[in-house]
Amino acid sequence: MTTSTSAPVTAPTTHAVAARTKGLRKEYGSTVAVDRVDLELPEGAVLGMLGPNGSGKTTTIRMLLGLVRPTQGEIELLGQRLPDGVEQALPHVGALVEGPGFHPFLSGRENLIRCAAFEPLLPKKQIKQAVEDALERVGLAQAAHRRYRGYSLGMKQRLGLAGALLVPRKLVVLDEPTNGLDPAGTREIRKIIAELHEQGSTVLVSSHLLSEVEATCTHVAVLHRGTVVAQGELTELLQAGGSALQVITPDVETALGALRQAKISARPLGEGLRVELAGTSAPQVIETLVKAGVGVYEATRWKTGLEELFARLTEAEEAERGMSSVDTLDGGRR
Amino acid sequence: MITRQLGSEVRWMLRRPRTIIGLFGLVLVPIIISFGIWTASDEGGGGPGLAAILKGNGMVVPIFTLFLSLNLLLPLVASIWAADGLAGEAQHGTLRGLLVAPVSRVRLLFVKLFGLTAMSLFAVTLMAVVGIIAGTAFLGTDGMMTLSGTTLSTAEGLVRIVLFILLVTFQMVSIGAVALAVSSTTEHPLVVQAATMTTIIVFQVLGQFPSLDWLHPFLITTGFPGLIDVMRDPIPFGQIWDSTLLAGCYLLIGTGLAAMRLITKDN
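Line by line, the protein sequences are chains A and B.
Residue numbers for the first sequence follow the working numbering, so the first one is 1 and each next one is one higher.
Residue numbers for the second sequence follow the working numbering, so the first one is 1001 and each next one is one higher.
One chain only, chain B, in its complex shape:
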């Protein structure tokens, strides 16, 4: 019973025109990045940091792409799915249908969280795969050069990419869980998206002020930059662990609030 409900949920999400358009947009990011670096590489030089080591190093494109997208694009996509999941269903009157079927409210939240996770993993993986293909096509590859200056074999590079996919997906799902909590309180999907994106942007702005450094450990966005440690050799897991733990807190709080709201909600 539960598997067919989960399957129905993912099929439903995949059938949405906005999901298709969103995925198409996400896939464009690594292609544009690869193309941009390829055309810029003639001029020589290149900036410092990640962009600099991208030349002749296509395997880095997926990681660079996801790292960039995590700041805005992926939270946006997660918030759209979370918004459609509860607020959108309430708006169309389909939430009532599910509850009368009946689907218990706790299970409904689980189904929604599963859909969000599955689709996030799919989107992030898709971006990474397209990144590998586009990066290899435009920039070529001989292994993966790390931020520490060493070069990893292609196989090792792929392991790093898979790890990064999982880490980024987890961050995305955590943001989505908080968005689901907002989604359970309203019938307007746009409110959910606006609230989520405003929060992400405000967090990033707050993260810029040194005077607020006591606040920074609580902002989910503070954890984003640390994830790039995946590209060091050997991997220092300290920051990665902190970021993931922080995201886990957001996931728990978001899910908890959503459950509390859903259980007592009048529909």
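Next up, chain A with everything else stripped away, as it sits in the complex:
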């Protein structure tokens, strides 16, 4: 393992990227945990990594941190190619992977001091202060003298977070950070993520809790069966998910007729109708309706939730798979 001069890859890329993977693949024996993962983590972003259990989130994160060697593919972390540049990149990375890992017979504070002793960027004199600051930041100062063995799940999680925040980081990777936390704890984690974002750190949060990602992230990557099925800015993704207008009106029939004439697709829904906003806009729809004499009681922009988007992405994948298998069968017959 070389320590200083590795390769001239340190030159920053044109648009700043904190981490990037290309064609990442990991096999464990005959099972493929992760395949064709092309992930891009823009600098300063808060990227939420979404996916059901077993979709390859943690494996991807472990490869990103140099803990696991990919079977195939390339990884760039903070401008360094892995695995060669791992020792230059990792001091700037704080991570909480696969749950907090600490020694049960040591107190929370002693555990952090042990972690701090191995932090290259932390001068010896600042260890004590850094540990106290981190404990304070995650709200563990009161329980710092207690043994880790006696900590609740939430306290363990907080200590893990404290370990990731011992040093100011360029990139913070949090794997399921709100696991086992009560609502107050979850809010605090969100607050910490927001703080990191404000300070300019890049954050990668993996979660299977959609609301959590929606509340804290600027970017999203959705993993499903070991591949990225969608990624990009959260707002863009949600908009691309097709927006619609929900109109409450008693004159559903008239309204449908008017919209059909204006070549706007709509369908009855509940006490009114749902109008797709593809190729048109909300004011246009309402204008059309009003001109046709339809009484509009209420018009609401239908916001695609992440949950809906997520369900559609993972289901679409399923449908595609089904279709392609049918195709190949047909091809065989011909």
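It is worth saying that the hints were derived from the structure and are not from the lab.
Keep in mind that this is a model prediction, so the values were computed, not measured.
Be aware that a few hints might be false.
What the hints assert, rightly or not - Which residues of chain A face chain B? A partial, calculated answer using Cβ under 10 angstroms:
id : residue
1  : 89
2  : 90
3  : 94
4  : 106
5  : 116
6  : 234
What the hints assert, rightly or not - What follows is a list of derived Cβ distance ranges for each label pair:
id : chain 1 : residue 1 : chain 2 : residue 2 : range
7  : B       : 1018      : A       : 141       : 25 to 33 angstroms
8  : B       : 1017      : A       : 182       : 25 to 33 angstroms
9  : A       : 153       : B       : 1241      : 50 to 58 angstroms
10 : A       : 123       : B       : 1234      : 49 to 57 angstroms
11 : A       : 182       : B       : 1206      : 52 to 60 angstroms
12 : A       : 191       : B       : 1018      : 38 to 46 angstroms
13 : B       : 1190      : A       : 29        : 21 to 29 angstroms
14 : B       : 1106      : A       : 125       : 53 to 61 angstroms
C-beta: ideal position from N, C-alpha, C; glycine also.
For chain A, the structure is supplied; the task is to place chain B on it using the hints.
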């Protein structure tokens, strides 16, 4: 940076409840031996060999103690430390933390090997010191009587004890290095201890069969009895050298295997 990592490692090992209990147990050995010989000395006679010359010869207690412990007790302690060092850390998820810090994998192995060596030296020295104190208290001392029948001065005796401490520590570290290699392959510390102790016991059993004498030069346990030559006057270094060389091979092979495994390991 490296010194503070090494310091942290040794502090961590010393803070473990099982280390404290283990050291306490080790210290009991020379006390029990001294006490046993002291109570037995009234009956006169005494067996042949080492036990016989122990009477009125407290300085021999540390050497006798270490010599006995090397067969089982010290390998057990070394295997516990090696097991906790890598497998135990992997089990608690703390190994990941160290690797992400980051500590390079080669350095991590060095830190672990250093911790093992430091603690082994500490444990063996502690046993020897307690042995000297207990031996002197129970059996008295006027110099050290050797297996060759001569008597050494107290100062010369102390030199022999220090030499023996170093030799025994080296044997212990070599066994620990092999245990570290096992430790790098698993997340279960008990597997490491079981594997190491089984190996030591099987080696000792194999050493009993004359028909397998072609195998004996390769067994680390074969070298143990030769170390007692430290108690002869003058010291014949032939067997001591052979034993140490053999242990050195185990140390190199163990460290090499552990390094190979650690470098390619997925965590």
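So, going through the hints one by one against the coordinates:
1. 89: Since the shortest Cβ distance to chain B is 8 angstroms, the answer is holds.
2. 90: 4 angstroms, holds
3. 94: 8 angstroms, holds
4. 106: Given a least distance of 7 angstroms, the restraint on residue 106(A) holds.
5. 116: It holds, given that the least Cβ distance between residue 116(A) and chain B is near 9 angstroms, below 10 angstroms.
6. 234: Status violated, d = 27 angstroms.
7. 1018(B) to 141(A): 25 to 33 angstroms: 29 angstroms, holds
8. 1017(B) to 182(A): 25 to 33 angstroms: 31 angstroms, holds
9. 153(A) to 1241(B): 50 to 58 angstroms: For residue 1241(B) against residue 153(A), whose Cβ atoms are near 56 angstroms apart, the range 50 to 58 angstroms holds.
10. 123(A) to 1234(B): 49 to 57 angstroms: 53 angstroms, holds
11. 182(A) to 1206(B): 52 to 60 angstroms: Check passed, 59 angstroms falls within 52 to 60 angstroms.
12. 191(A) to 1018(B): 38 to 46 angstroms: Cβ of residue 191(A) to Cβ of residue 1018(B): about 40 angstroms, so the range 38 to 46 angstroms holds.
13. 1190(B) to 29(A): 21 to 29 angstroms: Holds, since residue 1190(B) and residue 29(A) (Cβ atoms, about 25 angstroms apart) stay within the stated range.
14. 1106(B) to 125(A): 53 to 61 angstroms: At 27 angstroms between Cβs, range violated.
Checked against the numbered hints listed earlier, the structure breaks hints 6, 14; every other hint is satisfied.
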